[in-house]
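Residue numbers (this note's numbering), protein chains in the order written: chain R, 1 to 251; chain Z, 1 to 429.
Read the hints as simulated data drawn from the structure, not as lab findings. Check the hints yourself; a few may be wrong.
Stated by the list, open to error - Some chain R residues close to chain Z (C-beta under 10 Å, calculated; not the full set): (1) Ala69; (2) Glu71; (3) Pro91.
As the list claims (entries may be wrong) - Pulled from the structure, derived: some chain R residues nowhere near chain Z, Cβ distances all over 12 Å: (4) Arg77; (5) Asp116; (6) Phe118; (7) Asp134; (8) Gly145; (9) Arg192; (10) Glu212; (11) Ile224.
As the list claims (entries may be wrong) - Now the in silico label distances, taken between C-beta atoms and shown as ranges: (12) Z:Ala408 with R:Asp116: 17 to 27 Å; (13) R:Gly175 with Z:Ala86: 50 to 60 Å; (14) Z:Gln414 with R:Gln65: 32 to 42 Å; (15) R:Glu195 with Z:Asp418: 35 to 45 Å; (16) R:Arg5 with Z:Val422: 24 to 34 Å; (17) Z:Glu167 with R:Gly145: 50 to 60 Å; (18) Z:Asp418 with R:Arg14: 33 to 43 Å; (19) Z:Ala61 with R:Gly145: 11 to 21 Å; (20) R:Lys57 with Z:Arg332: 46 to 56 Å; (21) R:Glu195 with Z:Ala411: 35 to 45 Å; (22) Z:Arg198 with R:Lys125: 50 to 60 Å.
C-beta atoms are modelled at their ideal positions from N, C-alpha and C, and glycine is treated no differently.
Chain by chain, the residues run as shown.
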Amino acid sequence: MLSIRDLHAQIGIRKILKGVNLEVNPGEVHAIMGPNGSGKSTLTNVLAGRTGYEVTKGTASFEGQDLLALEPEERARRGVFLAFQYPVEIPGVNNAYLLKAGLNAIRKQRGLSELDAFDFLALIKDKMKLMQMDESFLSRGVNEGFSGGEKKRNEILQMAVLEPKLALLDETDSGLDIDALRVVATGVNNLRSPERAIVMVTHYQRLLDYIEPDFVHVLSDGRILRTGDKSLAKELEKRGYDWVKQEASAA
Amino acid sequence: MNASVTSPAVAHYREALVRVGPALPGSPARRNAAMARFAELGFPGGRDEAWKYTNLRRLEARRFQPATAGDASSALADNVPTALVAHRLVLVNGAPAPGMPATMGGFALSSLHPGSEDHLLRAITGGGTERFAALNAALSPAPLLLEMATHQHSDDVLQLSLLTSGELSTLACPRLVVRMAAGSRGRLLLDHVDDAAREHFTNVVLDIELAENSHLTIYRLQRQGVQAFHVERIEARVAAGATFIVRDSQLGASLARLDANVSLEGRAAHAEITGVFLADGSRHLDSHILIHHRAVETTSLQDYRGIAANKGRGVFNGKTIVHPGAQQSNARQVNRNLLLTSGAEIDTKPDLEIYADDVQCSHGTTTGQLDPAALFYLRSRGLSEAAARSALTRAFAGAVLAKVDEPALAALVQDELDRRLVGLLELDA
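Isolated chain R, as found in the complex (with noise of 0.2 Å):
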């Protein structure tokens, strides 16, 4: 589904990432981790379409397309969605218009017709609740006044919303209370269907407690250095990342 091979990016002329290989496949999940400033969150970014970044070298493609030469709407309108970091918060502009707005956009793409107000909103109340969230929500602004873990929250009811066949999400645990967490990784689990990968990036192993991934990677310095199953994860927790740096410069 996600085929990336030797991809470089840079900001500037600082270079991030440095030689990214990664294979993924319906109904996978994967986990990036790694220590800060490796290149997790450039990752997401690029295969997403945010602007600021250059790739100089390598390709990612998506179901066989050059994911790269996408538009960013293009890309989501495909199935790619990206779970932020750091949601924007955009004051008047509504949370139901953005969805729906969305939603028709990927709908469209898929050869199915538009949702009208009823049918939109009968979906997205599901959803809502799935998601513990009040029905206030929909007219605020997006993300406008909301707590870092609504915010998260926000992210995953759009992911359940629109349906991605690719969710990339970008340490989507962080700032979360375990509350908090339960609830966004039960909404992440609800998601997972052999049709569907799931690329996340994360610092910590107590996310993956929750979300039980395919793979582990560990991403450092730009690059893949190891892949192991969750219990790489374990074993990062314990001895942090400095091994697996040292046994890769060995070899």
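Please arrange chain Z on chain R, whose structure you already have, making use of the hints.
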């Protein structure tokens, strides 16, 4: 000044008064005096501070033909868009069509008669648009008096559709005089339109007085065609306990200038002048808002959102003067501007003069572009760039548009903004 006396444009309008003057109502001496004042002030020169960002050379180069009252009966009124509210009066080139009712939307309507001349052609002085107010007084074919009687309340909105139209490039001088008696309450919608067939010059004067504890809301919709020149002077005096509100939508014309001068003259008088302007294409839109606090406990709010795109240019000058003795006054000024494309420009100047010590005043001005992070966020959810930009632009104007509490007008302004924004954003993308 000498240069302006000999200006061919001034000479043109002076000769025009000689020609059409006999057909105009009211005292010729008063009109001649007004014309003399116009000739004395002339067109603004390059160093005139009130016209620093707005050049009137194009306007001065044109020779517009003053409209006379006789035009009003013609079929020109067919060009007027449908009414937005139940009560609507059409003025063609400043004159009401024949058969104007005596009352409408709660207002008593009357035209110039010997007893009302002092009111209707009163000189409006000061500021950058005094010259045009004088030109208006000289050539206005049918000043209209709108009166709301003591303690009369009307929740209706009276829409005044002011159409400028003609076979030739026409100078229209609508002059509206509004008198709100003590304790009265009313609402007016000024809808400026034209036939869009050729260049016209609409030169408007609103002379407004609010007696004690009265309340007047003016919704202003300037949606003239892309060739139009529009100059407007709103002069308002607000007595104790009275409230004067303007909800402005400056959307049309090639070149438009609005001067709103408000004087808060009695205890606890209140004014709110809020609005949006959209300077797209090669439009030049200039708004000068001036509020005088002359009495204790007076309060005011100015809040404008300006949007410019393409080669459009916006000018905003918001000024508040708190005079000596106007203690416990509260004045707020906000002006936020959005540049949608690189060629656009907005010049803004907040100005606060305070001569009293126990007051609360604030002003804030910003000019910027759409937030790239917000744009990316919306696009990452599947919205096209044009849709994302349009949504953010609407949100930008939203806080001020939300104050337009007449639904038909609010919907029209919103639609017009959407239509134009999507058009120019798609063109741009």
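Practice item. Kindly indicate which numbered hints from before are broken by the structure, ordering the numbers from low to high. Key: The structure breaks hints 1, 4, 16 and 19; every other hint is satisfied.
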